[in-house]
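Student: Sequence:
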Amino acid sequence: MKRLNHWIFNYNKKRQPERKVVMPNYSKVRSAVVVYEQGLDDKGTGLLAQRMEKDGMIVEVVGYEPKKDFNFFGRVREEAMTALPNQRFDLLLDLSTHYYLGTQYIVMALDATFKAGLRFADVDEKDQQGILDMMVNLPEDAQPEEIAEQVIHFMKMINQ
Numbered sequence: 731m732k733r734l735n736h737w738i739f740n741y742n743k744k745r746q747p748e749r750k751v752v753m754p755n756y757s758k759v760r761s762a763v764v765v766y767e768q769g770l771d772d773k774g775t776g777l778l779a780q781r782m783e784k785d786g787m788i789v790e791v792v793g794y795e796p797k798k799d800f801n802f803f804g805r806v807r808e809e810a811m812t813a814l815p816n817q818r819f820d821l822l823l824d825l826s827t828h829y830y831l832g833t834q835y836i837v838m839a840l841d842a843t844f845k846a847g848l849r850f851a852d853v854d855e856k857d858q859q860g861i862l863d864m865m866v867n868l869p870e871d872a873q874p875e876e877i878a879e880q881v882i883h884f885m886k887m888i889n890q
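In the numbering used here, the protein residues as written are 731 to 890.
Hints listed in this document are in silico derivations from the structure and should not be mistaken for laboratory results.
Worth double-checking, as some hints may not be accurate.
Said to hold, decoys possible - When the alpha-carbon atoms are kept at most 35 Å apart in a straight line, the in silico DSBU-like pairs for lysine-lysine are as follows: (1) Lys784 with Lys732; (2) Lys758 with Lys743; (3) Lys886 with Lys743; (4) Lys732 with Lys743; (5) Lys744 with Lys798; (6) Lys743 with Lys797.
Claimed, not checked - Taking CB as the label site, the calculated pair distances span: (7) Arg760 with Trp737: 36 to 44 Å; (8) Pro754 with Phe802: 23 to 31 Å; (9) Arg807 with Ser757: 34 to 42 Å; (10) Arg781 with Glu808: 28 to 36 Å; (11) Asp841 with Gln780: 18 to 26 Å.
The C-beta atom is built at its ideal place from N, Cα and C for all residues, glycine as well.
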């Protein structure tokens, strides 16, 4: 069943319109969306959003609960999908520390110039490619703040 769900996901991924990927200079990012699993680190995610707002960004936070927001096939339930913001963002940070197919659907549905998150070692690389523009490798027990810190660090270093 898992392979079938991934096949359906990859089919949907191929049907997505092409998007121009631009690595933004962190200091020039004006809008960002942070995606995270609710209950794991709500406090840290809130602090990250506050920090990004201090850096001059308008930040949207999208939290999800896998048992509530994803169906049996790994897709996002309609109620959760309609709750997603529909504007364009300069940056999307996926702070998920566990791989869920539903999270990939959420990240795919959000419109962002640049999307970054964690590279999951236990998931086939081809199942992760094409959604995120930058994936960071961290230990399995990585915390959401560590993912954000690595992404922001790389963005600052690349654009110097």
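Student: Could you work out which earlier hints the structure fails to respect and list their numbers in ascending sequence?
Tutor: 1, 8
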